[in-house]
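Trainee: Go by the hints and put chain B onto chain A.
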Amino acid sequence: MFLGIDYNTLWFLVFGAVITGYAILDGFDLGAGALHLFLKKEKSRRIALNAIGPVWDGNEVWLVIAGGALFAGFPVAYAAVFSAFYLPAMIFLIGLIWRAVAIEFRSKEPGPKWRLTWDIVYTFACVVVTLSLGLMLGNVALGLPLNEQKEFAGGMGTFFNPFSIMVAVTTLALFMTHGAIYLAMKTEDRLYTRLTILAKNFNIFFLVVFALTTLYTLLYIPHLSDKIRSNPAYFIFPAIMLLAIANIPRQLKKGNYGFAFISSSVTIAALLVAVAVEVFPNLLYASNNPANSITIDNAASSQKTMGTLLLIAAIGTPLVGIYTSFVFWTFKGKVKLDETSY
Amino acid sequence: MDVEVLSRIQFAFTIAFHYIYPPLSIGLGLILVIMEGLYLKTGKKIYEDMTRFWIKIFALIFGLGVATGIIMEFEFGTNWATYSKYVGDIFGSALAAEGIFAFALESGFLGILLFGWNRVSSKVHFFSTIMVFLGSMFSAVWIVVANSWQQTPAGYHIVGDGLNARAEITDFWAMVFNPSSVDRLTHVWIGAFLAGAFLVLSVNAYYILKNKHLEIARPSFKIALAVATIFSLAQLFTGHKSADGVAVNQPAKLAALEGHFDSTAAADMYLLGWVNKESQTTSGLKIPGGLSFLIHYDFKTPVTGLNAFKPEDRPSQVNAVFQFYHIMVAIGMALIALTLYASWLWKRGTLFDKKWLMTIFVWAVLLPQIANQAGWFAAEMGRQPWVVYGLLRTSDALSNAVKAEQVLISLIMFTLVYLTLLILFLYLLNKKIQHGPVMTEHHGEDDESGDSSRRQNPIMHH
Chain A
808 MFLGIDYNTL
818 WFLVFGAVIT
828 GYAILDGFDL
838 GAGALHLFLK
848 KEKSRRIALN
858 AIGPVWDGNE
868 VWLVIAGGAL
878 FAGFPVAYAA
888 VFSAFYLPAM
898 IFLIGLIWRA
908 VAIEFRSKEP
918 GPKWRLTWDI
928 VYTFACVVVT
938 LSLGLMLGNV
948 ALGLPLNEQK
958 EFAGGMGTFF
968 NPFSIMVAVT
978 TLALFMTHGA
988 IYLAMKTEDR
998 LYTRLTILAK
1008 NFNIFFLVVF
1018 ALTTLYTLLY
1028 IPHLSDKIRS
1038 NPAYFIFPAI
1048 MLLAIANIPR
1058 QLKKGNYGFA
1068 FISSSVTIAA
1078 LLVAVAVEVF
1088 PNLLYASNNP
1098 ANSITIDNAA
1108 SSQKTMGTLL
1118 LIAAIGTPLV
1128 GIYTSFVFWT
1138 FKGKVKLDET
1148 SY
Chain B
19 MDVEVLSRIQ
29 FAFTIAFHYI
39 YPPLSIGLGL
49 ILVIMEGLYL
59 KTGKKIYEDM
69 TRFWIKIFAL
79 IFGLGVATGI
89 IMEFEFGTNW
99 ATYSKYVGDI
109 FGSALAAEGI
119 FAFALESGFL
129 GILLFGWNRV
139 SSKVHFFSTI
149 MVFLGSMFSA
159 VWIVVANSWQ
169 QTPAGYHIVG
179 DGLNARAEIT
189 DFWAMVFNPS
199 SVDRLTHVWI
209 GAFLAGAFLV
219 LSVNAYYILK
229 NKHLEIARPS
239 FKIALAVATI
249 FSLAQLFTGH
259 KSADGVAVNQ
269 PAKLAALEGH
279 FDSTAAADMY
289 LLGWVNKESQ
299 TTSGLKIPGG
309 LSFLIHYDFK
319 TPVTGLNAFK
329 PEDRPSQVNA
339 VFQFYHIMVA
349 IGMALIALTL
359 YASWLWKRGT
369 LFDKKWLMTI
379 FVWAVLLPQI
389 ANQAGWFAAE
399 MGRQPWVVYG
409 LLRTSDALSN
419 AVKAEQVLIS
429 LIMFTLVYLT
439 LLILFLYLLN
449 KKIQHGPVMT
459 EHHGEDDESG
469 DSSRRQNPIM
479 HH
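Chains as they are written, first to last, in my numbering: chain A, 808 to 1149; chain B, 19 to 480.
By construction, these hints were calculated from the structure, which means they are not laboratory data. Bear in mind the structure is a predicted one, so any value in this text is a computation, not a measurement. The beta carbon of each residue, even a glycine, is placed where N, CA and C say it ideally should be. All clues stand as given, with none of them false.
Distance ranges between label pairs, derived from CB positions:
1) B:P320 - A:N1095: 57 to 65 Å
2) A:L923 - B:H258: 53 to 61 Å
3) B:A252 - A:W1136: 33 to 41 Å
4) B:W191 - A:M963: 38 to 46 Å
5) B:N182 - A:N1095: 14 to 22 Å
6) A:M963 - B:L303: 49 to 57 Å
7) B:D331 - A:E955: 28 to 36 Å
8) A:N1095 - B:S413: 27 to 35 Å
9) A:M963 - B:G178: 28 to 36 Å
Next up, chain A with everything else stripped away, as it sits in the complex (with noise of 0.2 Å):
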């Protein structure tokens, strides 16, 4: 126990807000690249490459450090999501290599057909890693079949379902809106303008998307709303979720990119903790028999690990957040091109 909440309950804390971390983080690294192929000229293309250049890297390791976090303390369902996702994790990851080769090769060479191709493996990689993202969160939010053992016992048609699709498509409108605000911040000029219009335009895709989901949710899947309207308190989240979302096309029509960023950090973080609130305190629901269900006490370490575990964030987390900071900082405003750019 600490400040009255038990370990396990703490840790799950901890882990959503690595995940929240990585969404927002990564998120806007995933959109840009989503989005490069609508940038029509060679120099606005390096230009968004070289926004993201410096740090996404950094973002891409608290996806690492969620995996290790979920691996060390709910190891039962570190096994059982990565396991019964094994096809969809396995082309998420191998998105993530493509991803990251593309950004590195596609400097190396200066004929336009080789940049071409790497700008074509690249936006193909990040729709691919987002799209399996928001699958998995889907299929995650909606539970599994699981056997006795706590092991998946569905097959591959099992994550495919409308829901889990939907909730893909939603993630990708809403990492290209936020890739295209954070784009937006990073230049000037035409490219700004560019990049103006079209976070707009994805924005207005998120908002259609994410409107159908919700009321297919609210239709057909109403157990997921069960807990928001069982306690009024907990309706704090879909408000705040739904004034983030509606101050993004605001900020934008003033061009407050800031504003417009943070708006899409809010309302990307908001899904997740409306997703965690449902959730909670299961892990993995178990679709087929809720008795079977992983929830945050059968799948934990001890809790000797727990606590060891949050001494380990406790001191690491103040760290990682003043190099991150410094490293923000230092590339901060448009960028500017040099010899040692991308």
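Mentor: What follows is chain B alone, placed relative to chain A:
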């Protein structure tokens, strides 16, 4: 093939391919710290030029390390779910610590190392280089701790039984400093320093042979040679300490390393040989009683042989373990001889006179790579049939939800992707080497050369 064989092949393949890059990053990190440190200390442009050149190569290597490393974090869960549940309490903690203490440090400052040259002061840049290097060293700490716990478990107890059994930490520091951690960590670090140093030696030996970039190639070669000489020798000690540890903690592995079967007899040490598992004999060129001497300082003392273990508790690929181990040792010896000889020539002032020696150095880049791989294969195959020594068998560690076809599909994907990556990596590495370091003009110390030299300094490639 069944899930176990396929999963083992996939893990071995993905980790072996990944392990080309991190040792190079660690070793080059050390060399970059030295080069940039010399630049700061002396203010000589030549050190700036070599630092900038190796940063470009570092970026390429680091990128592939990141790309192939992220797979490893999740492959325990995808393919080894039972293992993950069994060791999560311990192994997961080490991975979580690696992420937050090592990767975050490394990747954060990498941005400044690669792109910050014109944005921060040279001292801050140097600081970032050190942080990236330290991050990669810390990363090795946690990974080796996690793997060493699999070799020599400590600081834990087993909770539950049958399908629900799992190991839990009872003493965190006993887990971290388990009996093999420190010996293996120093061995891994030094193996990485050698990998980096020999890459720098190779590239500069190539320039010297081609009579190109001599002004930079010669001092770079000397820096790397100093590193390589010191650590080739040091590796002998860490290797010996590791072998001593294996003798105490993993007798079955030690017996496999030297193909020793008979527990009542003194054990020989082979220079090269062949193990016949059926006839339980090993033949080859040997020092009789050599292993007994190495462990007990006496040629006659018997050493526990493979026969002391039930057949199902012995490594199944004894000959492979033997060969990998001997390749590693032979390369270690060769590196000592090579670097000592070159250092002697350096002292005499004739280091760069012998073309054949430079040719050897061009190709010697492969030696530490092979030794690093062979060492890990000996360590991991020698631990079999256990994934956690004495506690959990590899065959019991799989994901029950995953089917052979799925693993086959992912294995084929990895094979195709990694082959493509390797070809592209070698192509781009070669291109960078052919392009070579760029010499900035040597202005006086106090004129405003910074800006103009930067503009002409196109390590860039756009």
